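Participant: Order-wise, the sequence lines are chains A and B.
Counting in our numbering, the first sequence runs from 1 upward without gaps.
Counting in our numbering, the second sequence runs from 291 upward without gaps.
Bear in mind the hints are in silico, worked out from the structure with no lab data behind them.
Accuracy of the hints is not assured; some may be wrong.
Derived, one-sided and incomplete: chain B residues facing chain A with beta-carbon distance under 8 Å [unchecked claim]:
1) P330
2) S333
3) A397
4) S444
5) L446
6) A491
7) N528
8) S565
9) L572
10) L578
11) A580
12) I582
Calculated lysine to aspartate or glutamate pairs in the DMTMM-like style (CA-CA distance at most 25 Å, straight line) [to be verified]:
13) K112(A) to D311(B)
14) K112(A) to E192(A)
15) K558(B) to E234(A)
16) K186(A) to D311(B)
17) K558(B) to D453(B)
18) K558(B) to D188(A)
19) K558(B) to E430(B)
20) K361(B) to D343(B)
21) K558(B) to D311(B)
22) K112(A) to D68(A)
Computed from the model, here is a short list of chain A residues facing chain B with C-beta under 8 Å [said to hold, decoys possible]:
23) L33
24) L275
25) F279
Since the model is a prediction, treat every value here as computed from it, not as a measurement.
We put the CB at the ideal spot given by N, CA and C, even for glycine.
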Amino acid sequence: MESRYKPDTSPQPTGIHWRPYMVMTFNHAVLLLFTVIIIYPVVWMVLASLKTPGEFVSNVWGLPTVLDIDNYSRAWELANLGRSLLNSLIVSLGTVILVVALSSTAGYAFAKFSFRFSAAILLVMIFTMQAPTPVIPFYVLFVRLGLTDSYAGLILGIASGSLPLSIFIFQAFFRSIPNELREAAKIDGCSEYTAFLRVVMPISGPAVATVAILTFVGAWNEYFLPLLLVRSPEFRPLTLAVQVFFFQYGRVEWTDVFAALSIASVPMIVLYVLLQRWFIQGLTSGSIKG
Amino acid sequence: MASQSLSGKARHQHRRIARLDPYLWILPAVLVYGIFKLVPLASGLYMALLRWDGIEDPRFIGLRNFQRILKDDLTIHVLLNNVEYAVGTVIGKIVLSLFLAIMLNQALRGRTFYRTSLFMPVVMSFVVIGILWRWLFNAEFGLINTLLGSLGLSVLAQDWLGDTDIALRSLMLVDIWKWYGFHMVIFLAGLQSIPSELYEAAKIDGASVWQQFLYVTLPMLQPVMIVNVTLSLMGAFNVFDIPYVMTEGGPANSTNVMALHIYLRGFKFYRFGFSAALSYVLLVIVTLVAAIQLRLMARADNIE
């Protein structure tokens with residue numbers, strides 16, 4: 001990952017040694033400024049969530065003098081965040097499992113088998129995957145299938161959106177696996193399916209991780225589908241619960257809102273920092289080939 | 291003889307199953323995608339021809355919804371908002387992220403820290419970001435106006451989300467805030483794939499830093515540039531969460547954009563047919579953008 005485009009630090013014939021340092025300082029200053037613009041609001045949100053309502057107004061910038069955990073218990077209770085956290089976990093993990101299962105098998109078929117219409121099917125997906133789904137027929141379909149207010153509805157709805165890209169990621173990965181591996185497994189008596197499950201999938205960790213992260217982050221942060229498909233409070237995922245809670249803010253303290261926002265975002269941020277290499281690679285994999 | 295013909299038949303049957311086999315592998319994915327993506331795409335075409343409030347029996351009215359869209363001042367206003375949003379966010383994201391990527395490609399120390407921090411908002415939901423920024427933009431107590439006040443710049447303080455002249459631009463800032471780190475990472479990957487020999491050759495020819503940027507960096511970045519522009523354009527024409535959570539399209543529809551307009555026509559005013567017709571207007575726009583992208587990519591490939 002070493003950069004090939006480095007500043008020329010070799011001594012110049014004119015003898016200006018300080019110039020690279022000035023360039024470096026300037027770069028750091030700019031990068032630092034834009035990093036603070038990103039990080040500060042998020043840190044401030046967490047700090048505000050720990051202040052008493054009084055201190056939130058009087059002490060805008062500083063650290064909280066007394067840690068007020070009550071914000072969290074109030075938000076947790078008022079917005080029913082425990083239930084929503086569970087809903088978000090069920091929907092996100094369910095979507096990941098479904099998408100990995102469906103897109104790995106399909107990606108494998110597109111990579112390793114030749115069959116009629118395979119190119120046509122891929123082409124239809126490429127042309128329709130970026131098309132925004134018309135909201136009304138989408139909603140009517142879910143109502144007719146009885147899939148509103150259900151985990152299955154949310155999972156299927158989110159999964160359908162992330163399938164094409166996941167299939168392309170798996171297809172590209174399986175193409176890079178030598179055919180000999182599969183042939184050897186079949187000579188050993190494996191069927192095509194057991195060869196896939198026992199031999200190919202165990203070495204496909206990177207592709208699985210990429211698709212899983214991409215799908216998980218998307219499902220966890222999905223807001224529009226729950227807004228459309230969930231009426232009953234007991235099926236609200238975190239995003240929807242936080243928004244509903246906030247929209248009642250005539251009756252809700254800002255500090256409680258920030259506690260709810262922190263609950264909804266901090267776990268994902270921590271996970272991201274711990275696994276940042278995987279996250280960045282996974283979340284940009286649709287855009288950077290390979 | 292008999293056994294041979296039997297085995298031939300069995301082989302034939304086996305081959306037929308084998309020919310069906312690939313379709314079984316793709317069937318679950320194709321079913322889910324077909325039912326939940328392609329069916330609405332197709333069935334909406336019929337719904338766009340109806341006058342329907344979602345409750346009473348629909349009435350077939352032909353193309354009248356589309357005729358109404360063309361004459362609807364609000365829809366045209368919303369479209370113009372969306373175009374402004376797209377132009378502003380795309381230029382903002384591209385310029386800023388390319389600039390930062392070039393900085394980051396040189397400043398080696400702390401590179402992981404910068405990259406991780408700048409990319410972070412990508413994993414945050416727009417609901418959280420939207421509510422947080424509603425507070426930052428709050429005219430009376432918000433962090434931004436408070437900051438401007440304490441710097442002695444209270445002249446610059448604005449009613450960021452309440453002023454029809456600037457509310458849309460405030461939302462654009464939030465969108466740029468979420469994504470500039472993402473686009474920077476993609477540009478960075480592009481920059482790192484440029485062979486250093488090209489810069490050395492340019493230097494030998496006496497090219498200035500600016501000339502190197504214009505004649506080496508930019509042309510070599512064309513593939514990632516197309517990716518970044520397309521992603522942000524698509525995002526801009528599909529944006530819903532930010533305006534819905536932050537302003538609900540207001541004040542006075544100054545932040546209303548297509549996806550929100552479609553949603554509100556359907557679920558606030560119960561004009562299902564009109565909303566469905568609007569979806570296809572948006573679809574045509576997005577398809578045009580995608581078609582231009584494909585053309586550009588094809589041309590870029592030809593040059594290579």
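Participant: Identify whether the interface hint at L33(A) stands, where standing means a beta carbon of chain B within less than 8 Å of its own.
Facilitator: Result: violated, 10 Å to nearest chain B Cβ.
Participant: Against the 25 Å threshold, does the CA-CA distance of K558(B) and D453(B) hold or violate the hint?
Facilitator: Roughly 24 Å separates the two Cα atoms, so the pair holds.
Participant: Given A580(B) as an interface hint, is its Cβ closer than 8 Å to any Cβ of chain A?
Facilitator: OK, holds: A580(B) within 8 Å of chain A, min 6 Å.
Participant: Checking hints one by one. Is F279(A) an interface residue toward chain B, by the C-beta closer than 8 Å rule?
Facilitator: 7 Å, holds
Participant: Under the criterion that the straight-line Cα-Cα distance not exceed 25 Å, is the pair K112(A), D311(B) satisfied?
Facilitator: 12 Å, holds
Participant: A closest beta-carbon separation below 8 Å is what the hint needs, so does L275(A) meet it against chain B?
Facilitator: At about 10 Å, which exceeds the 8 Å cut-off, the nearest Cβ of chain B leaves the hint on L275(A) violated.
Participant: Double-check S333(B) for me: the hint is only fine if its C-beta lies closer than 8 Å to a C-beta in chain A.
Facilitator: 5 Å, holds
Participant: Between the alpha carbons of K558(B) and D188(A), is the straight-line distance 25 Å or under?
Facilitator: 62 Å, violated
Participant: Going by Cβ atoms only, is L578(B) closer than 8 Å to chain A?
Facilitator: 12 Å, violated
Participant: Is K361(B) within 25 Å of D343(B), Cα to Cα?
Facilitator: 21 Å, holds
Participant: If you take the shortest Cβ to Cβ gap from L572(B) to chain A, is it below 8 Å?
Facilitator: Since the shortest Cβ distance to chain A is 6 Å, the answer is holds.
Participant: Quickly compare the C-alpha distance for K186(A) and D311(B) to 25 Å and report which way the hint goes.
Facilitator: 15 Å, holds
Of the numbered hints listed earlier, those contradicted by the structure are 4, 5, 6, 10, 12, 18, 19, 21, 22, 23, 24.
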